[in-house]
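Student: Read off the chains here:
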Amino acid sequence: MKGNLKSELWKAFHNKMFLLALAVGLLMSAANILQNSATVAEMTESTLRLLQKDPERFVGGHGGFSLFMLWLLIYYSLGSLAFDFYWPILAALPYGWSYLKERRSGVYDQIVTRMGKRAYFRAKYVAVFLSGGAVVGGTALFDLLVNALICPVELPSIAGLPPVFNGHFLSMLYFRNPWLFCLAFCGLAFLWGGVTGTLCLAVGTLPRFQVFVILFPYLLYYVWNMIYFQILQSFGSLPLLSPLLLIQAAPDYFNPGWAIFGVMGLVALLGSAIGYWQVTRREFS
Amino acid sequence: MEILIENASKTIRGAEVLKDVNLRLTGGTIYGLRGPNGSGKTMLLRLMAGLIRPTAGRVLLDGKELGKELDFPPSLGMLLENPAFLPEYTGLRNLILLAQIQNRVGASEARQALLDVGLEPDDRRAYRKYSLGMKQRLGIAAAILDKPEMLLLDEPTNALDAAGSALIEDLIRRERDRGALVVVASHDGAFLERLAEEIYTVTEGRVAK
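Quick mapping for you: the protein sequence lines, in order, are chains A and B.
486 is the number of the first residue of the first sequence in this note's numbering; add one for each residue after it.
-3 is the number of the first residue of the second sequence in this note's numbering; add one for each residue after it.
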C-alpha cells in the first residue's frame, strides 16, 4: 500500500492537468484580487475625500470593505462567481480522470496485478482526494493571503451590514476571529475539493472520454442545485443543501454545520461506495 | 510454481470465449499458445493473470484458487495485447512507478530492464513519442522488471525487427533458466517452434496440444 500510494501521489501531483487546474484556480483568484484592489482604491479615495470635506462626520475605518468581506468565498466579484460555480471542475481536473485513463489504456492491469484491486482503489481515492482538495483549498488560501496584502484587515462589524449572519456556520467566529473563520472555510474548501474529485471514481469506465469524467461532478451538482431550488425549496425555507453553494462561507441561505457535513458525507459516500464497486467489482474485458 | 486450470470456461456477453480448458503448467518451462486472431489466446492469458474470472471451472496457483484464495498471482509479469504506459512520462519513469508499487526492485533494476531490452534508460523522450518497436520493448521490460515467477507474453515480437526478435527470444530463455513459468502467445508458428518447449493450439476457445 505504501509503495502504491507513493506512486499514485507522484502521478497526481506531476501531471499537466494538475498544473492546469492550479493555473485556472489562481486565475479566478487573480480576477477577484484585481477587482478588489480597484474597489479598495476607490473606497479609500472616497473615504479620504470625506475626511477632507467633513472631518467631524468621519467615523473612521473603510466602510466595511475589508479582507473579510472581499475574500473569494465571501464576496461576489467576477472571480469569486466563477469559482463559486465552476469549482467542481477544478476538483476533478487534477487527477479525477486517471482511473478511466488507466483502465482504457491497460495500465490498470499492470498496477492491479502487482498490488490488488482494493489497495489500488484506496491509493487512487487518496490521491484523487488530495489533488482535488489541494487545488480547491489552495485557491481559497492563496486568495486569502494575497488579498490580505491588498485589502484593509479590519474586524467585521455587526453594524456594517456584514455578509455573515446568525444562521451561517461559524458566524460567531467570524465576528470574534475572522482569520480563524476564513482558515476554517479554507479547510472546508479542501474537503469539498477532495470529496468532489473522488466522485469521478463513481462513473468508472462508463464515459468514453476523460472530459465527461471531469465534467461529471459539476453536472451532478448542477442538477442537485436545480432540484434543491425548484423542488425542495417549494416545501418551505430549508437550509442550504446544495453542494455547489455549500462551499461558500456566506451564502444567501443559512448553512448550518449539519447541512455542510451531512451533504459532504453523502457526497463522500457516493464517491467511495460506487467508486469501490466500479474499481474492484466490475470486470472489464 | 505450478498453474492448474480445471474445466475453465468463460462467457462474455453471451459468447463463450473459453471452453472447458484444462492445463497444467510448471515453472522453468516455456509454453507456447498458437492460434488465429480471436481464438481466445489473450483471454486464456487474462484468465491466468487473474484479470478475468472463469464462469465455470477454476484456476489454481500452487494449490490456491485464483479469485478465492488469491486475487492475482503473487509474482507476475505480463505483456497483454498492446504495451500500456502513461504517455506523458519517460520509459524509465513509467518503470519506476511500477517498481514502486511492490518495492521489490528499485530504479537500478528499472534501468537494467531497459538495457536488457535494448532501450536507453536516459532517453528523455516521453513514452508517447516512442516508435512501435520501442513501445513493445518497454512492455517487455515492464514484464520482466520484478523478476516474476510467472511471465505471460502476448505477441511479444510485434513491431520488432529480426534483431529485436532475437534479443527478446534470448531474454525469454534467460527468464526460463531463472526458473520462471513462461507462456508466450503468438500467431507466428515458426517463432513458437524455436522458443517453446510445449505448444498448445487455441481454436474458438478450446485448447489442445
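The reader is advised that the hints may include incorrect statements.
No farther apart than 27 Å at their CA atoms in a straight line, the calculated lysine-lysine pairs in the BS3-like style are these [what the hints assert, rightly or not]:
id, chain 1, residue 1, chain 2, residue 2
1, B, Lys64, A, Lys487
2, A, Lys487, A, Lys586
3, A, Lys602, A, Lys586
4, B, Lys125, B, Lys15
5, A, Lys538, A, Lys602
6, A, Lys487, A, Lys602
7, A, Lys487, A, Lys501
8, A, Lys487, B, Lys15
9, A, Lys491, A, Lys602
10, B, Lys131, A, Lys586
11, A, Lys501, B, Lys15
12, A, Lys501, B, Lys205
13, B, Lys143, A, Lys602
14, B, Lys143, B, Lys131
15, B, Lys143, B, Lys60
16, B, Lys125, A, Lys586
17, B, Lys60, A, Lys602
18, B, Lys143, B, Lys64
19, B, Lys15, B, Lys60
20, A, Lys586, A, Lys491
21, B, Lys131, A, Lys491
22, A, Lys602, B, Lys64
23, B, Lys15, B, Lys205
24, B, Lys64, B, Lys131
25, B, Lys143, A, Lys491
26, A, Lys491, A, Lys501
27, B, Lys125, A, Lys487
28, A, Lys586, A, Lys501
29, B, Lys125, A, Lys491
30, B, Lys205, A, Lys602
Derived from the structure by calculation, the hints contain no laboratory data.
Since this is a predicted model, take the numbers as computed values, not measurements.
Student: For each hint, tell me whether it holds in the structure or not.
Tutor: Here is what the structure says about each hint:
no., hint, in the structure
1, B/Lys64 x A/Lys487, "24 Å, holds"
2, A/Lys487 x A/Lys586, "22 Å, holds"
3, A/Lys602 x A/Lys586, "16 Å, holds"
4, B/Lys125 x B/Lys15, "40 Å, violated"
5, A/Lys538 x A/Lys602, "73 Å, violated"
6, A/Lys487 x A/Lys602, "15 Å, holds"
7, A/Lys487 x A/Lys501, "24 Å, holds"
8, A/Lys487 x B/Lys15, "40 Å, violated"
9, A/Lys491 x A/Lys602, "16 Å, holds"
10, B/Lys131 x A/Lys586, "18 Å, holds"
11, A/Lys501 x B/Lys15, "45 Å, violated"
12, A/Lys501 x B/Lys205, "50 Å, violated"
13, B/Lys143 x A/Lys602, "21 Å, holds"
14, B/Lys143 x B/Lys131, "20 Å, holds"
15, B/Lys143 x B/Lys60, "21 Å, holds"
16, B/Lys125 x A/Lys586, "18 Å, holds"
17, B/Lys60 x A/Lys602, "18 Å, holds"
18, B/Lys143 x B/Lys64, "25 Å, holds"
19, B/Lys15 x B/Lys60, "22 Å, holds"
20, A/Lys586 x A/Lys491, "19 Å, holds"
21, B/Lys131 x A/Lys491, "25 Å, holds"
22, A/Lys602 x B/Lys64, "14 Å, holds"
23, B/Lys15 x B/Lys205, "15 Å, holds"
24, B/Lys64 x B/Lys131, "34 Å, violated"
25, B/Lys143 x A/Lys491, "21 Å, holds"
26, A/Lys491 x A/Lys501, "18 Å, holds"
27, B/Lys125 x A/Lys487, "31 Å, violated"
28, A/Lys586 x A/Lys501, "14 Å, holds"
29, B/Lys125 x A/Lys491, "26 Å, holds"
30, B/Lys205 x A/Lys602, "34 Å, violated"
Hint check: violations occur at hints 4, 5, 8, 11, 12, 24, 27, 30; the rest are consistent with the structure.
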